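Number of protein chains: 2
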Amino acid sequence: MSKYVYLFKEGDASMRNLLGGKGANLAEMSKIGLPVPQGFTVTTEACIRYYQDGRKVAPEIEEQIYSALHAVEKEAGKVFGDPENPFLVSVRSGARASMPGMMDTILNLGLNDVSVEGLANLSDNPRFAYDSYRRFIQMFADVVMEVDKELFHNALENMKANKGVTQDNELDGDDLKALVKEFKQIYFDDVGEDFPQDPKVQLMEAIKAVFRSWENPRAVYYRRMNDIPSSWGTAVNVQAMVFGNLGDDSGTGVAFTRNPATGENKIFGEYLMNAQGEDVVAGIRTPHPLDDMKEELPEIYKQFSDITEILEKHYRDMQDIEFTIERGKLYILQTRSGKRTAQSAVKIAVDLVDEGMLSEDEAVLKVDPKQLDSLLHPTFDTEALNKAILIATGLPASPGAGSGKLYFTADEAAEAGKRGEDVVLIRDETTPEDIEGMDHAKAILTARGGMTSHAAVVARGMGRPAVVGCSALRINDVAKEVRVGDKVFKQGDTVSVDGSTGKIYEGIIPSVEAKVSGDFGRLMAWADFVRRLKVRTNADTPRDTKQAVEFGAEGIGLCRTEHMFFEAERVKAVREMILSDTQEQRKAALNKILPFQQKDFEGMFKALEGKPMTVRYLDPPLHEFLPQKSMVNEIKEIADELGTTVEELNDKIDELHEFNPMMGHRGCRLSVTYPEIAEMQTRAIMQAAINVRNEEGYDIVPELMIPLIGTKAELKYVKDIVENTIKEVFKENNTEMEYHVGTMIEIPRACITADEIAEEAAFFSFGTNDLTQMGFGYSRDDAGKFLESYYSSGILEFDPFARLDFDGIGKFVEIAVELGRKTKPELKIGICGEHGGDPATVEFCHNVGLDYVSCSPFRVPIARLAAAQAAIKEKMAK
Amino acid sequence: MSKYVYLFKEGDASMRNLLGGKGANLAEMSKIGLPVPQGFTVTTEACIRYYQDGRKVAPEIEEQIYSALHAVEKEAGKVFGDPENPFLVSVRSGARASMPGMMDTILNLGLNDVSVEGLANLSDNPRFAYDSYRRFIQMFADVVMEVDKELFHNALENMKANKGVTQDNELDGDDLKALVKEFKQIYFDDVGEDFPQDPKVQLMEAIKAVFRSWENPRAVYYRRMNDIPSSWGTAVNVQAMVFGNLGDDSGTGVAFTRNPATGENKIFGEYLMNAQGEDVVAGIRTPHPLDDMKEELPEIYKQFSDITEILEKHYRDMQDIEFTIERGKLYILQTRSGKRTAQSAVKIAVDLVDEGMLSEDEAVLKVDPKQLDSLLHPTFDTEALNKAILIATGLPASPGAGSGKLYFTADEAAEAGKRGEDVVLIRDETTPEDIEGMDHAKAILTARGGMTSHAAVVARGMGRPAVVGCSALRINDVAKEVRVGDKVFKQGDTVSVDGSTGKIYEGIIPSVEAKVSGDFGRLMAWADFVRRLKVRTNADTPRDTKQAVEFGAEGIGLCRTEHMFFEAERVKAVREMILSDTQEQRKAALNKILPFQQKDFEGMFKALEGKPMTVRYLDPPLHEFLPQKSMVNEIKEIADELGTTVEELNDKIDELHEFNPMMGHRGCRLSVTYPEIAEMQTRAIMQAAINVRNEEGYDIVPELMIPLIGTKAELKYVKDIVENTIKEVFKENNTEMEYHVGTMIEIPRACITADEIAEEAAFFSFGTNDLTQMGFGYSRDDAGKFLESYYSSGILEFDPFARLDFDGIGKFVEIAVELGRKTKPELKIGICGEHGGDPATVEFCHNVGLDYVSCSPFRVPIARLAAAQAAIKEKMAK
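Residue numbers (this note's numbering), protein chains in the order written: chain F, 22 to 899; chain C, 22 to 899.
To be clear, the hints were calculated from the coordinates, so they are not data collected in a lab. If you're wondering where the values come from, they're calculated on a predicted model, not measured in any experiment. Check each hint, because a few of them may be wrong.
Note that the list lumps identical chains together, so a pair holds whenever it fits in one copy or between two copies.
What the hints assert, rightly or not - Computed list of lysine-lysine pairs in DSS-like fashion (alpha-carbon distance at most 30 Å, straight line):
| id | residue 1 | residue 2 |
| --- | --- | --- |
| 1 | Lys-555 | Lys-408 |
| 2 | Lys-524 | Lys-627 |
| 3 | Lys-849 | Lys-673 |
| 4 | Lys-391 | Lys-24 |
| 5 | Lys-748 | Lys-229 |
| 6 | Lys-593 | Lys-99 |
| 7 | Lys-673 | Lys-511 |
| 8 | Lys-632 | Lys-806 |
| 9 | Lys-198 | Lys-752 |
| 10 | Lys-229 | Lys-99 |
| 11 | Lys-899 | Lys-426 |
| 12 | Lys-323 | Lys-627 |
| 13 | Lys-806 | Lys-613 |
| 14 | Lys-229 | Lys-620 |
| 15 | Lys-24 | Lys-843 |
| 16 | Lys-894 | Lys-221 |
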């Protein structure tokens, strides 16, 4: 028979997966002799079994619970349900990963109509006893039976009104006794049966409720945000109650062994005498800083501060400790690694190395890569933020804080930005044509689109704060105003956008620039030393490239070239090309673009100073270069400019219209139908590479990447076009140069025929955005409409556009890596989708043997740290 | 060293893959002693090598050619290039599969300025010699050097004009000698060098030209239409020339051993004395029926008719034979299985069994399944068709012939149809709302869309002729007219549509109804006896179901339910549902649809008489049930009908708009967000099944199919909804019934996680349309724009929407079958995509172990025959 229940003294810190974080730490503290109220842990396996058994606790588990309870009773010298001296317990969740506040807790369990009297007598404090009981009824009703909390709250308020008092603690024992009676009636009316008097029934129902709380919506949401699989389940900790509210010699508090905001090596905490934890939270009285305890309770302080030192050394990390003093005796209720700011995390990790407590590898593992974002971007001043008026919340698409005047079109935003105004660009959704306006904005705001929409991807690339898919916004481009509920904001009104939280505020909120400390540099050096995976960046301007190189990028993994077609002077030529009837006309139009693109590439090669660059050929469908049919004025303007008629332009727009452009005429399909585009781009890249090599002496090996390949024949066909052009360029320049032609792997068919495709490819780069779209059949621009239902129903645990779906899309990656390397063992393989900056995905990429990840510039440090952690974990597992 | 060249006497019929069909048959005829002019075959492997070597003939192959030439010269007693008695040859292509007229041929090769004189002397016929030479120059220039044929044609016409004659044969030897001079000048002017005088150079250039012709556009197109892989290559046959134009004792002709139109067992052919094959084709003189030869040349006729008998018995099939009589001696130039009509093919196959020449299995293999289409559909009267005026050509989407008056909207088409008019519905593209108009039309015509567009799929299901994607049509819905070039057709003008060829004609062309003979029934019975794969149909009305059952369908593999939401009375309730704000409102609206759908299912179950039916849950995105935003009048009408405002309706249309609806909110995603839809459909199906079982006593086991599943959790979630509803229905009816819940496999991710999905699925049905779309990333509605370039450049050999892409999408199918059966060995697996009626795909499905294919009713016999052929081929391979 499996063991589903462990006494605290039976476990230790190594059993975290089975006992959960809280349970393992309670066991460990017991083991090293710290003053922990005794108890036991029902394991995570029991939780998993509970769900497997159709939400039932198996009899064998129930037996083990009772037997553990009995052992603890014996130790405490009290008996569960004893009318004179009742043994009371708390029931708390505790998963493998810390999920603070996400699941449910029940205190004072074991009280009933009889034992409450015993407790009153024993404590000589009827008020305390009845207050404990009414709290227990309320918590049990809420957590176990889902009775509306408001009902109890209203009863309490009525009682206070009747008594003419305003504070809870002004009610006396009799009042609370009467309130208990009322609470029990509420319970009966709502549940349809009496409040359970049998403590064992109370206990089993509470344990089941904690199991259930693993699947409550906020827990599901938290897991999704923090990459915690639902299969882990939660443990349940049943622990003897101790009371900090038994008089002036009792109290309760919380402490961090170091400062969680700054990392300073000094205990940081608060405590309150004659109180329970709940009271601290409720803010009825103001807690004291822990320093005060030195004088007030010097012995307890000494004992506590010794324990913090023991715990920090024991766990070799900053600890977050809960304690209670019951009638002069100190109890430790919980210890865990303390949550901390990014700044603090970096400082603590580095300090612990300097203090000899951690190795460098261990320090690297201590910092959550996702946190680094806030180190690199400006943030709003915390105090000002607290007072700010929230307008709406959207998706936190690109971190950082930005404020300015609203502008509704990219052109006007760009003009205002050039005039020196602080601008916030607001659009239903952005298109590649908006690029200049986005670049001049302090922040970007859209009503539609998801985390990988155009606005999100481009803003992250620029390091510009952005909130997208904010569906509460009703934007009117013509009136140049946006409605949110009853409020209206017009062009020029000021707003503040927090891209890290997705929140939008009224007015200008002052922001604080990011500061990068020396500690950060040391930590990243340790990370770089240990990692195997290279980190490149996605960039298509010299400026972004320089930024990324400063952040440690080792090259460009994805240079998207579409923006090189969109700038005002060029888009006219692109449109001429689209309207051409013959290849000759198209070539003439492309020849106008060639010098611009060549100059762009020269700038990029220079910024890279010899680091490698993978250039992707034109990818989007051509209709993106023409206005939409409804944009009557623009069409007229463009038709005039190009010397054609509105009808002809509209005909062309109709002709290019696609029902599903994501699966339409784009990527390498453009090179097949219009080889002259690929020829022009090849010429621009290779001529630029030759020129920069000649001027600067860098050793350049251009990597030319064909997107959207589905078959080997397709790659061969386009590669022939590219290589023939390269031969021409070499001949014209009377020189040669090493180069590689490779392909994006982003079409499912390409993954399962990667052995064939590798015959023609010098490298693979996974385009996991498109692979996720086509592998799942989810249009990233539309999926938002149903994915929320998928998360809330538990069908999907994570956003597959943010974290790679390892079990499905990841399998495609694995298959393609295996097949590709079977054909060509030396094949260089990377990933350049949006997932390249997600720490979990980076770990996956390390594990499946990729050579590099590529991500937007501001994510480069995150990827470096995540790559290092993956390498260290692999080393440790060996 | 490999052998690349075979003398005819070195080969036989079994070497078809190496020698091509023509070469193998020439060898075989040589072997069995028939009078065949000697020669040799350059193998298909030489052709493949030619392409591998970068379009060069390797020296070793060239040597083998000369050595074979020498052997043949010796036998003929003539020498290649001999000025007195020149040895002349023909050079002809010959692939494994017959591709008549698709590749190039050169006759009279070996002539030059000197030997033409020898030939003139030898034949005592200078006119013949110079005519042969000028023809050779013209063919060589055309085929090898791509000189414009017009140049030669004009020179010939000028010569006739100067001479004041109208017929070629009115020019004498001197005229032709002068013409040869002129032709050589044309050659020099165009090519830049003299016409080659060295017969060996002529020969090598001609062989290379035949190799090249394997990749000419019409050959590529023919292969795509006929499932012939480009990797096969073509052989080249070099054969001694014999001349049918050496006088009245010479002649040439073609004969079929049985009637290719009717199958009648009687020689059928034509011949012409003193002529070459070319003259027959040119129609200068009218050839005589072969019967005349009995009296004119009784000995030759006897000899020839004996040979036809030998050949038919030898090849056990109707033969198409070319012969030449040179100065009273009969030569057989070629024999091959004769092309024949479907009717003839069936009759010949059955007759050959009755004559003891073929086994039943062999007879089944003799009929091309694709041909059956024309047996089941009406066709235009051939004579009337020859005189008809062609308007335009589109894609032959649904076979059959239909004529009538043009109508531009489905409503008007339906009304006219109800009035008894013959109607042709013409639309830019059809939508599900057009269904009633399509049903009342004799034929359907669209300007957009591909072979699997809505119009194509629905028309095939209905057995209605349709031509789609006819891009020459410029349709104006408002003016109700269509322009094609300079012509305009208005509503009520008559046209004829040939869905088998894709051609559209002016006016009404009389058509001939399909006749199904007793022979057909016998052949299909033999097919049914041998096949393992079951054949089901895709149908969603009782009428289509009955039709399919008559065609031999063994059940319904795909009952699409979307049409059950579209009929006028129902679509209002659907729109109410879409506009609902609460689940209660949605349920109320769905309750109005429930009785209709239940009745539909009852009709289907009755029509099936106990055969199985797989019902797919609602699949299309909800926006398909609302008008497009540009349809202002309809929006007003619908808003009024539903008691809402135009603004609100427009808001909803905006809200439902998707950028890529194919990858949007559809399929099982609808059941996740709106479980009440799945509940209603489940209720309708199960209640109908129970009612029909009770009324008719059929043993019904409903198969409920969830579309668009990507993950196991998704299937589990929707299956739970379905099964909970089934439990309710059982309880209400106080009965139970066996049923199966399965899933479409059409999302790439589902294929590679099929082992997990099989845990929740009773059956798989491959939706190969969507799988092809997402696996390739090709939107079927848009891909037409670039796929033509893919075919012409050879990147794709076949339309992956018509024939499954075995190497890629087929791999997904194989992976899913393997993984699914690993979890559940008894898993029933079928295919219900449009590919289910494609013979090559049916063979693939047999080979990978599927249980059934499902296709539109009119394709059921095709699939039955194809399934039988696959089984026989498998048996034979063992």
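From the Cα coordinates, with 30 Å as the cut-off, is the pair Lys-229 and Lys-620 best called within, between, both, or neither?
neither (67 Å within a copy, 46 Å between copies)
30 Å Cα threshold - placement of Lys-229 relative to Lys-748
Close across copies (27 Å), not inside one copy (72 Å); limit 30 Å.
When no copy is named, should Lys-593 and Lys-99 be tagged within, between, both, or neither for a Cα gap of at most 30 Å?
Answer is neither: 86 Å inside a copy and 69 Å across each miss the 30 Å cutoff.
How would you classify Lys-198 and Lys-752 at a CA-CA limit of 30 Å: within, between, both, or neither?
The answer is neither: 98 Å in one copy and 48 Å across copies each exceed 30 Å.
When no copy is specified for Lys-555 and Lys-408, does a C-alpha distance of 30 Å or less occur within a copy, between copies, both, or neither?
neither (43 Å within a copy, 71 Å between copies)
Is the C-alpha distance from Lys-894 to Lys-221 at most 30 Å within one copy, between copies, in both cases, or in neither?
Answer is neither: 43 Å inside a copy and 72 Å across each miss the 30 Å cutoff.
Can you tell me if Lys-899 and Lys-426 fall within 30 Å by alpha carbon in one copy, between copies, both or neither?
Neither: 55 Å inside a chain and 78 Å across chains, both beyond 30 Å.
Please sort Lys-24 with Lys-843 into within, between, both or neither, judging by C-alpha distance up to 30 Å.
neither (46 Å within a copy, 33 Å between copies)
One pair to classify: Lys-391 and Lys-24, alpha carbons no more than 30 Å apart. Within, between, both, or neither?
neither (37 Å within a copy, 66 Å between copies)
Please work out whether the CA atoms of Lys-673 and Lys-511 approach to 30 Å or closer within one copy, between two copies, in both situations, or in neither?
Between copies, since 25 Å is at most 30 Å while 36 Å is not.
Classify it for me, Lys-524 with Lys-627: is the Cα-Cα distance of at most 30 Å met within a copy, between copies, both or neither?
neither (39 Å within a copy, 59 Å between copies)
State whether the alpha carbon distance between Lys-323 and Lys-627 is at most 30 Å within one copy, between copies, both, or neither.
neither (62 Å within a copy, 87 Å between copies)
Violated hints, listed in ascending order, are 1, 2, 3, 4, 6, 8, 9, 11, 12, 14, 15, 16; each of the other numbered hints is respected by the structure.
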